[in-house]
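J.: Residue numbers (this note's numbering), protein chains in the order written: chain A, 1 to 220; chain B, 1 to 482.
Bear in mind the hints are in silico, worked out from the structure with no lab data behind them.
Each residue gets a CB set at the ideal place from its N, CA and C atoms; glycine is no exception.
One or more of the hints may lead you astray.
Stated by the list, open to error - Partial selection, computed: residues in chain B whose CB lies under 7 Å from chain A:
| no. | residue |
| --- | --- |
| 1 | 18 |
| 2 | 21 |
| 3 | 25 |
| 4 | 205 |
| 5 | 207 |
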Amino acid sequence: MGNLSFDVAHLFAGSLVLVSFMLLYQDRMSGLINIFTAHAVILSFSVGWQAYIQHSPHLFVTAAIAIIFKAVMIPVSLQRIMERLRIHRDIEIIGGIGVTMLLGICLVALSLVVMLPATAAADPLAREDLAFALSVVLLGLLMMVTRRNAISQVIGFMSLENGLILAATGAKGMPLVVEISVAFSVLIAFIVIGIFLFRIRERFDTVDVQELDRVRGGRR
Amino acid sequence: MNVPALAPVEALLVIPALSALILAFLSGYRLTSYINVISSGMTLVLALGLLFDRPEPGSYLFVDDLNIVFIVLSTFIGFTTSVFSASYIGHEIETGKLKPAYVRFYHAMYQSMMFAMNLALLANNIGLMWVAIEVATLTTVLMVGIYRTPEALEAAWKYFILGSVGIALALFGTILVYMSAEPVLGEGYNAMVWTALMLHGAEFSPRLLNVAFVFLMLGYGTKVGLVPMHAWLPDAHAEGPTPISAVLSGLLLNVALYAVLRFKMLLAANAAAIAPGPLMITLGLASLIFAGFMLYRRDDIKRLFAYSSIEHMGIITFAFGMGGPLANFAGLLHMTMHSLTKSAIFFAVGHIAQVKGTQKIADIRGLTESHPVLGWGLVAGVMAIAGLPPFGVFMSEFLVVSSTFARQPLLAIPLAFGLLVAFGALLLRVIGLAFGEPSDSIGEVEASVVPLFFHLALVLMMGLWLESHIVAWFQNVAGLLG
Chain A
1 MGNLSFDVAH LFAGSLVLVS FMLLYQDRMS GLINIFTAHA VILSFSVGWQ AYIQHSPHLF
61 VTAAIAIIFK AVMIPVSLQR IMERLRIHRD IEIIGGIGVT MLLGICLVAL SLVVMLPATA
121 AADPLAREDL AFALSVVLLG LLMMVTRRNA ISQVIGFMSL ENGLILAATG AKGMPLVVEI
181 SVAFSVLIAF IVIGIFLFRI RERFDTVDVQ ELDRVRGGRR
Chain B
1 MNVPALAPVE ALLVIPALSA LILAFLSGYR LTSYINVISS GMTLVLALGL LFDRPEPGSY
61 LFVDDLNIVF IVLSTFIGFT TSVFSASYIG HEIETGKLKP AYVRFYHAMY QSMMFAMNLA
121 LLANNIGLMW VAIEVATLTT VLMVGIYRTP EALEAAWKYF ILGSVGIALA LFGTILVYMS
181 AEPVLGEGYN AMVWTALMLH GAEFSPRLLN VAFVFLMLGY GTKVGLVPMH AWLPDAHAEG
241 PTPISAVLSG LLLNVALYAV LRFKMLLAAN AAAIAPGPLM ITLGLASLIF AGFMLYRRDD
301 IKRLFAYSSI EHMGIITFAF GMGGPLANFA GLLHMTMHSL TKSAIFFAVG HIAQVKGTQK
361 IADIRGLTES HPVLGWGLVA GVMAIAGLPP FGVFMSEFLV VSSTFARQPL LAIPLAFGLL
421 VAFGALLLRV IGLAFGEPSD SIGEVEASVV PLFFHLALVL MMGLWLESHI VAWFQNVAGL
481 LG
C-alpha cells in the first residue's frame with residue numbers, strides 16, 4: 001500500500017506539471033479555459049488522494065472546493081465573459097511558444113535543483129510533491145509574464161495558486177489549509193467578479209494589455 | 001450571569017469588525033464618518049492600554065515587544081486618518097466625485113482594513129498572519145478602485161494582480177517554514193505558532209529556511225513596495241482617495257515589513273541558515289536609489305510622494321538588513337517617523353488637490369500664498385520627509401547613515417548618494433508647489449488641519465528631544481531584532 005499511495009500521489013502531482021505546460025503553449029482562449037478545468041480536476045484528485053493517505057478528512061473539503069469552484073464555476077463564468085466580450089481570437093504569446101517551453105523546462109529543472117537538496121530530511125512523498133508544486137508555481141508565473149491578455153493572466157494566476165494548494169496539502173498535517181484555500185477562492189472570486197461587474201472594459205475591448213500603455217503613458 | 005470580560009487583544013479585532021458590519025448597513029455620510037472616527041479612536045485607546053497591561057500570549061493572538069510598536073503606530077495613524085477622512089470624503093460628496101452610495105462601502109472597508117491589519121500584527125500563527133494580510137490587500141484594492149474611473153480601475157487591477165502574486169509567493173514561503181518546523185514541533189498547529197517557532201528556531205532545517213526566506217522576502221517585499229516589485233504602489237497611491245494613500249503608506253507597508261522582520265528574526269535564530277541581511281540590504285538600496293531618481297520625473301503630486309514612500313521603505317529595509325542594536329533602532333525610529341510624516345503630507349496633499357482641482361504638479365503653484373495653512377503644512381512636511389533638521393526624520397536618517405559608516409563604510413556611500421538624490425528632487429518640487437504666483441483654485445474646502453499639524457508636531461518633537469521611555473522601549477525592541 002505504501003508504494004501505491006506514493007505512486008498515485010506522484011502521478012497526480014506530475015500530471016499537474018504536465019498540464020501546466022499545456023497551459024503554456026495553448027493559444028486559443030476556449031482551449032485555455034478547458035485545460036484550466038483539467039488542471040483544477042487533477043488538483044482536486046491529488047488533494048483528495050492526500051486526504052485519503054494522510055487520514056485527514058478536512059482536506060476533502062479543499063478537494064471539494066477545487067472541483068466545484070475551480071473546475072465548474074470559474075470556467076463557466078470565464079466562458080460567459082468570453083462570449084459577452086467577444087474575445088474568441090487567438091492570443092499572442094510573447095517570445096513565441098518554443099522559447100517559452102524551453103524556459104518552462106528550465107524552471108522545472110530549477111525547482112528540482114532547489115527543492116530536492118533543501119528537503120533532504122523530509123519524507124520522500126512530501127519532498128517530491130513540493131518540487132512538483134514549486135514547478136507548477138513557477139510555470140504559472142511564467143504564464144502570467146508571457147501573456148498580455150488579462151483573462152489568460154488570471155488563468156496563469158489560478159494555476160499558480162493550484163500549485164500552492166498542492167504544496168500545502170503535501171506538507172503533512174499542515175493546519176489552516178482549508179482556510180487558506182477558502183481565502184484564495186475569495187481572492188479569485190473577486191478577480192472574476194472584478195472583470196464581470198466593474199467592467200474593466202477598456203482592458204477587454206482591446207484584449208491586449210499592451211494597448212493600455214496608452215492610458216498609462218500620460219500619467220507619471 | 002458572569003459575562004467574561006472582553007480582553008483588550010480580542011477587542012482590538014472585535015471593535016473594527018463590528019463597526020465594519022454596522023457601517024455596512026448605515027447610510028448618511030455624517031453619521032458614518034463619526035462612527036468611523038469613534039471606532040478608530042476606541043481601537044487606539046485599547047492599543048495604548050496594551051502598553052501597560054500585556055496579556056499572556058494565546059494560541060492565536062499575542063502581544064510582545066515587537067508587535068506592540070506596530071500596533072500603537074498603526075492604530076494611531078488609523079485614528080488620525082479617520083479624522084482627516086471625514087472632512088475629505090465630505091468634500092468629495094459635495095463636489096459629486098464620490099457617490100453617496102459608495103460612502104457606506106468606503107467606511108465599512110476602512111474598518112475591515114483596520115481589522116485585517118490588527119489581525120496581521122497580533123496573529124501568533126504564520127498562516128493566520130498570511131490570511132490577514134491577504135484580507136488587508138483585498139480591502140485596500142476595493143478602496144483604490146472606488147472612484148470607478150478607468151485610471152482608478154486600472155490601478156486597482158494592477159495592485160490586485162501584483163499583490164496577489166506577492167501574496168502567493170509568501171504563502172509558498174509560509175508552507176516551507178511549516179515544513180521545516182514540522183519535524184521539530186510535530187504536526188499541527190504548534191508548528192505554525194510564532195512563540196513556538198521562535199523558541200525552537202535553531203533546530204529547524206536551515207536549507208529549507210533559506211529557500212523559505214527568499215520566497216517570503218519577495219512575497220511580502222512586494223507589499224512593502226520594494227524595487228523591483230514596486231510597480232503597483234504609485235498607481236494605487238495616485239488613483240485612490242487620499243485617506244487611503246495615507247493609510248497605505250503609513251500602515252500597510254509597515255504591516256508587510258513586520259511580516260518580513262518576524263521571519264528575519266526566525267532566520268537569525270538559526271545559526272546555520274543564510275544571513276537575511278544582504279538580501280534586505282540589496283533590495284533596500286535598490287529601492288532607495290531607483291525611487292530617488294524616479295522622483296525627478298513625476299508630474300503627479302500623489303505619485304511623487306508614493307515614490308518617496310518607496311524610497312523610505314528602502315531605507316528602513318536597509319537599516320533592518322544591516323541589523324545590530326543601533327541600525328535596528330534607527331530602522332524602527334525611521335519607520336515611525338516616516339509613517340507620521342508621510343501620512344501628514346498626504347493629509348495636506350488631499351486637501352490641496354481638492355482646492356486646486358488637479359493633481360498635476362505643473363498646475364499647482366504658490367500654495368503658501370493662496371492657502372497658507374495647507375501650503376506651509378506641505379512645506380513643513382516635505383522638509384521633514386527630505387530629512388532636514390530639526391525634524392525626526394533627519395535624526396533617524398542620520399542614525400542609519402552613521403551606524404552604516406561605523407560598520408560598512410562602503411555601503412554608506414550608495415546610501416548617502418540615494419538620500420541626496422531624493423533630497424534634491426523633493427526640494428525642487430516643493431519650491432514650485434509652494435512659492436511663486438498662485439495658480440487658480442476651483443473652490444474652498446473645510447480642511448481638517450488638526451491631524452496634519454499634530455503629526456508634524458510629533459515628528460518635530462521627536463527630532464528635538466526623544467523621550468527616554470521611548471528610547472528604552474525602542475532599544476529593547478532593537479535588541480530583540482538581532
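J.: Hey, does the residue 21 of chain B contact hint survive, CB to chain A under 7 Å?
T.: The hint is violated - residue 21 of chain B has no Cβ within 7 Å of chain A, the shortest such distance being about 17 Å.
J.: Does residue 205 of chain B pass the interface check with chain A, least Cβ-Cβ distance below 7 Å?
T.: With a minimum Cβ separation of about 5 Å from chain A (threshold 7 Å), the hint on residue 205 of chain B holds.
J.: Would you check whether residue 25 of chain B satisfies its interface hint, that is, whether its CB is within less than 7 Å of any CB in chain A?
T.: violated, 21 Å
J.: For the hint on residue 18 of chain B, does the least C-beta distance to chain A fall short of 7 Å?
T.: Since chain A brings no Cβ nearer than about 21 Å to residue 18 of chain B, farther than 7 Å, the hint is violated.
J.: Would the hint on residue 207 of chain B stand, with a C-beta cut-off of 7 Å toward chain A?
T.: Cβ of residue 207 of chain B sits 4 Å from chain A, so the hint holds.
Violation of the numbered hints given earlier is confined to hints 1, 2 and 3; the remaining hints are satisfied by the structure.
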